[in-house]
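Taken in order, these protein sequences are the chains called W and F.
All residue numbers for the first sequence refer to the working numbering, where the first residue is 1 and numbers rise by one.
All residue numbers for the second sequence refer to the working numbering, where the first residue is 416 and numbers rise by one.
Calculated from the structure, these hints are not laboratory results.
It cannot be assumed that every hint is accurate.
Reference excerpt, derived from the structure (chain F facing chain W, CB under 7 Å, subset only) [said to hold, decoys possible]: (1) Thr493; (2) Ile495; (3) Pro531; (4) Asn537; (5) Asp538.
Think about it this way: if two alpha-carbon atoms lie no more than 20 Å apart in a straight line, the pair counts; the simulated SDA-like pairs of lysine to any residue are [claimed, not checked]: (6) Lys539(F) - Asn397(W); (7) Lys530(F) - Gln508(F); (8) Lys539(F) - Arg404(W).
Glycine residues also receive a C-beta, built at the ideal position from the N, C-alpha and C atoms.
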Amino acid sequence: MDDPRDIRIRLLRGLLRWPLGLRLVRALLAGRPQKPHHHVSADFFLEMARGAYASRARPVVWSNIFVPSELFWGLEIVPFFPETWAGLAASMGLSALGVSQAAVLGYPVDLCTVHRSAAGLWASQLFPRIDAGVATSHACDLAGQMLGNFAYAQGKPFFLLDVPQSDDAAAVDYLTAQLERLIAHWREVLGIDFDPDRLREAIRLSNQARALALEVAALREAEPAPLRGSGMRDQLAMLTAMFGHPSGVRYYRALRDYTAERVANRRPEQTNQKVRLYWMHLMPYFESDLLSILEDELGGVIAWEEISTLWWEELDERAPLRSLARKMVSLFFNGPIQRRAEMASRLIQRYHCRGAIHFSHWGCRQSAGALYVLRARLRQEGVPLLILDGDCIDPSNLPLGPLRTRVEAFMEMLA
Amino acid sequence: MYVAGIDIGSTSGEALILEGERIVGWSIVDTGYSSRRAAEEALEIALKRSGVTRGQLQRIVATGYGRVSVDFADQQVTEISCYARGAHFLHPQVQTVIDIGGQDSKVVAVGPGGKPLDFAMNDKCAAGTGRFLEVIARVLQLELAEMGDWALRARRTAEISSTCTVFAESEVVTLVADGVAREEIVAGICRSIARRVAAMAARVGVEPPVMFAGGVARNRGVVHALEEALGHPLIVPEEPQIVGALGAALIARDGMDGGSR
């Protein structure tokens, strides 16, 4: 799959751009046995893909994952998240293509593979049209640069939201003013109308999904754990794309019902859970034995994963932009590391975890850079932390042998 | 009652036969291309030296990176647990064990009863391992076994700045061309390994007494450099390579409560 001229890549390109292609995929997926919430998410992403690839009805804005999705749905813009699509490509076994093409573009190998893969997929013409680009400055500085590159290379306007590290009122005011400018910018460059009622509706839908997601979080306190963390690796994509869209409500309702049913009726595999764990940062998006070694073979269970954490307060539909600004500054990856360490400590207690694992994704400084403080905080509380160096996109950078030894040794230590 | 521990590393494999608290025999073989074959060979030699037959073994535990290939073992346990257990058996006061093997290095914080409390490993990069010494020994045309003595003879220590084996090799070639004495270069290499391992040890937290195990612990130059880098004297067991196999045998003995083979 390395060669962008490969017949399979050509087929994929055609399938994405052919109006009936995505409907065909949707029909095929609908016939497959899947968990109910996965049906909703598959439908949602296919609909989003259709809007970006096969329809010209609405403008397409490329964005990093931390621009609030309510903004896109409230303004009737189709968002396209290159980082999410890099993860999706990895799950489809297309990482090698993206990563090798990024090398052709001249991106150095020590950059994050999510962004390198995204760049390579774009170079392979697997991404849709772009009308504008937007990114936030917080959590991941590479995202802003990568999105800026994409927009520049295609001659499209780009807007960078400068997110303060602080979460006080002045920071929220500063960011709210930028969101107002962003909307004015989009009205000008995309020719869209701004209907405040539509944005308020997106805020209402976001709050409904949030309430359901909080129910899921509460249900997951149960022992044995009703869900396995390895099945939740797509949660960052859900948290950053679905809120503000009716699918978000449907998705979290289905997930809530599924989780509640598993709390009420235990499955045989739930009886094998020996050690509850807290997982920090990302997980491999591709099929990897790492998580099955942990959860099937060794009796570990990821009771909660950091990326599933709903970090924001209920949004206020009377002040939508201010609410979204508050949501952005309160992200646990933003601001002092202690905020994230506090959250880890709180969640470890809440989910009765005996240990924590930090997956240090290749090239991602924003998470691994915090390890000293995270480790010190957990050590104070007597919670062992295992640091796994790996890659959530590129399987060739996730050697299983050494990781198996570390995971096994960690489980022996906790036993 | 006899039990066996087998430690299959990337470079060498060790087997050890234990009867109660007594080590009755052990062996060291090259791993070669087959971990399973090395395990068989090491076990046969250790049994022969012990005067014990295979049928008399009640339980076998395999460890090391090749442990998964030892399909005749009753249990596989990681080298982290085995080094902690083995070090604790030899010196019950030991709180930290450092192992530098052929192609990896590890640091384990040892708790009560020889239970691991924390660990760090380097198995991605040859720098800081025995392979690093082998490569440099070849460049300097020295026997691996004599490198430690060369290092201790040095009056000064050459600065080897690189942390990569391939680049360090180039650096050493340059130093040789510049006429820097071999003993100074060897001392520089030992210090380079020591600094790298000490940095890894600091992540775990070095609590004395510290035991130094693994094949590289035979190199007195590295022992000296590591003592300087850590600021602690090191306990080097008489046979530093068999600590992992000993730990595996002790875990096999503990497992006898769960039934014999």
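Verification of the supplied hints:
no. : hint                  : result
1   : Thr493                : holds (4 Å)
2   : Ile495                : holds (4 Å)
3   : Pro531                : holds (5 Å)
4   : Asn537                : violated (9 Å)
5   : Asp538                : holds (5 Å)
6   : Lys539(F) - Asn397(W) : holds (11 Å)
7   : Lys530(F) - Gln508(F) : holds (12 Å)
8   : Lys539(F) - Arg404(W) : holds (14 Å)
Taken one by one, the earlier hints fail for this structure only at number 4.
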